[in-house]
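**Student:** Single-letter residue listing:
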Amino acid sequence: MTFNVTYKPFGERAILIEWPPKIDEMILKDIIRFKTAIIKNNIESIVELKSAYNSLLIVYDTICRNFENEVNLLKNIYKSPNLKHVILSKLWKIPVCYDADFGIDLDTISAENKLSKTEIIQRHSQAVYTVYFIGFLPGFLYLGGLDDSLHVPRKSTPRLKIEKGAVAIGGHQTGVYPIESPGGWNIIGNSPIMFFNPKSNPPCFAKAGDKISFYPISINEYNDIKMLSTAEVYQLESEVIDD
Amino acid sequence: MIKVLKPGFYSTIQDAGRFEFQEYGVPYSGAMDTYAASMANMVLGNSENAAVLEMTMTGPTLQFDCETIICLSGADMSPVLNDVPLVNNKAIHVPKNAVLSFGKLNDGFRGYLSVSGGFKTDKVMGSRSMFKGVTEHCVIAKGDELSIKEHIEVMLKKNASIKKNDKYLHSNSVEVFKGPEFDKLSKNQQQILLTQEFSISKDNNRMAYQLEQPLENNLDAIITSLVLPGTVQLTPSGKLIVLMRDCQTTGGYPRVLQLKESTMNIMAQKFMGNKVCFKLLDTY
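Protein sequences appear in the order of chains W and V. The UniProt record's numbering puts the first residue of the first sequence at 1, with every later residue one more than the last. The UniProt record's numbering puts the first residue of the second sequence at 1, with every later residue one more than the last.
Since the hints were derived computationally from the structure, they do not count as laboratory data. Hints are supplied without guarantee of correctness; some may be wrong.
Said to hold, decoys possible - Simulated restraints, written as ranges between beta carbons of each label pair:
(1) Q63/V x V240/W: 20 to 28 Å
(2) S238/W x S262/V: 42 to 50 Å
(3) E216/V x H172/W: 26 to 34 Å
(4) K120/V x E68/W: 42 to 50 Å
(5) Y234/W x M207/V: 27 to 35 Å
(6) M26/W x L280/V: 35 to 43 Å
(7) S186/V x Y215/W: 45 to 53 Å
(8) S262/V x N223/W: 27 to 35 Å
(9) L73/W x H151/V: 40 to 48 Å
(10) T62/W x N188/V: 31 to 39 Å
(11) S238/W x E216/V: 45 to 53 Å
(12) S186/V x F67/W: 53 to 61 Å
(13) C138/V x P21/W: 30 to 38 Å
(14) E68/W x S186/V: 25 to 33 Å
Just so it is clear, CB atoms sit at the ideal spot from N, CA and C, and this is done for glycine as well.
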């Protein structure tokens, strides 16, 4: 499937490619296919490619003197049959401790959304989430697929400090804070694993197009995994998906 | 090695930046004023990407435990070496145990210190630029020891001269291109944006500069999309935010302008109360 994509210059040496403005897995797949095809074309002048929900940004090493030429080259790649590469992605199983010590906003969500804490944890850990892209903080995954009944508005006053590993809900999104940060999302638990490790390459285990699911663990399991993860010997469970 | 006796207001090690990790949400970082940073390196014959110390508003006090050659560039912070005043953009011989300190800020906002061979602090993901969550330290602190190589050279090349251009330190004209959402503004809003003077607010740092004067608008937020250093975002409340080197990789506010890369250096030397005007360029 191809979409009506538009090409715009973005500053002196970047081109922004945009898909229809919606959050949609078909668009995500199309972006990843296009991105993969551009990389396979080995265009030397391209130094960086990054994507979000409905856009792909291509950064060149020098000023684009001829925007039209670059765009035509990209349009040809988009139309080429090579675009149908098989893209393998992974499903990552993420342990989360939803105990009250970590899930400091579970009571608030329970009252506002008229769900028991057990129901919140069940619905949060039963879903399979899609990684759309990484942004906001190093290693922060933008995930799609949160159950409608778990949507909660962001806090009107953000907290100055949210712990590393905090699992949270903001509006219709859920995510994990990879490092300590200020933030306005509602915190429901904490994951002991590392979402961002500057010492490994790549620094994140997940990438755009992968899937994530969460599973509840006890505080004892949390402490065990945290220890292994800090020592960088914890093996995250994953399976390859081919779609 | 250089010992930090006092860190100054906000001093960080910076090189050209951290590339190819944007898709993992890692900012570029790098010197805010790349012109001054590369000038400081070039005077010493360093590679222009060698790591330098970026000093903001108030300089640090540093003690050198080995002999070396240094150069200062960018903001004029009244530098003094063992009680002898120094000038910017000149190679300066530093004897062992000398103390470098700074005084009043005379000009600009960010100063740069290069050392012969560059700072040799930890390299993480291809760069020495400090950033929270990536490097172990995100700013230098009292007692830190910054690694450098000793450089013994009695004779300095006295004839070498550098053609420097300090005019940008005082320029308030910031050249821009249209951002992806520029055309969503009304003609009137576009005109205000490109003719009015904007002042830098107290919220200004390596991530972003907020501007004081609001631009009334009714633009909706966009689905989280991609931004770059130099992107000017417009919030629903009318705040204009100029993204700088440590900015996030993505953003959800309309992107109304994009700074020409060289004008980032002008912005980098601005601080609270300074004024800027956006000047639209139509060709790339």
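**Student:** Now look at each hint and say whether the structure bears it out.
**Tutor:** Okay, the hints, checked on the actual structure:
1. Q63/V x V240/W: 20 to 28 Å: At 55 Å between Cβs, range violated.
2. S238/W x S262/V: 42 to 50 Å: Holds, since S238/W and S262/V (Cβ atoms, about 45 Å apart) stay within the stated range.
3. E216/V x H172/W: 26 to 34 Å: 29 Å, holds
4. K120/V x E68/W: 42 to 50 Å: 45 Å Cβ-Cβ, so the 42 to 50 Å window holds.
5. Y234/W x M207/V: 27 to 35 Å: Cβ of Y234/W to Cβ of M207/V: about 32 Å, so the range 27 to 35 Å holds.
6. M26/W x L280/V: 35 to 43 Å: 37 Å, holds
7. S186/V x Y215/W: 45 to 53 Å: 51 Å, holds
8. S262/V x N223/W: 27 to 35 Å: Cβ of S262/V to Cβ of N223/W: about 52 Å, so the range 27 to 35 Å is violated.
9. L73/W x H151/V: 40 to 48 Å: 47 Å, holds
10. T62/W x N188/V: 31 to 39 Å: Once the Cβ atoms are compared, 36 Å apart, the range 31 to 39 Å for N188/V and T62/W holds.
11. S238/W x E216/V: 45 to 53 Å: 49 Å, holds
12. S186/V x F67/W: 53 to 61 Å: 26 Å, violated
13. C138/V x P21/W: 30 to 38 Å: 35 Å, holds
14. E68/W x S186/V: 25 to 33 Å: At 29 Å between Cβs, range holds.
The structure is inconsistent with the numbered hints 1, 8 and 12, although it conforms to all the rest.
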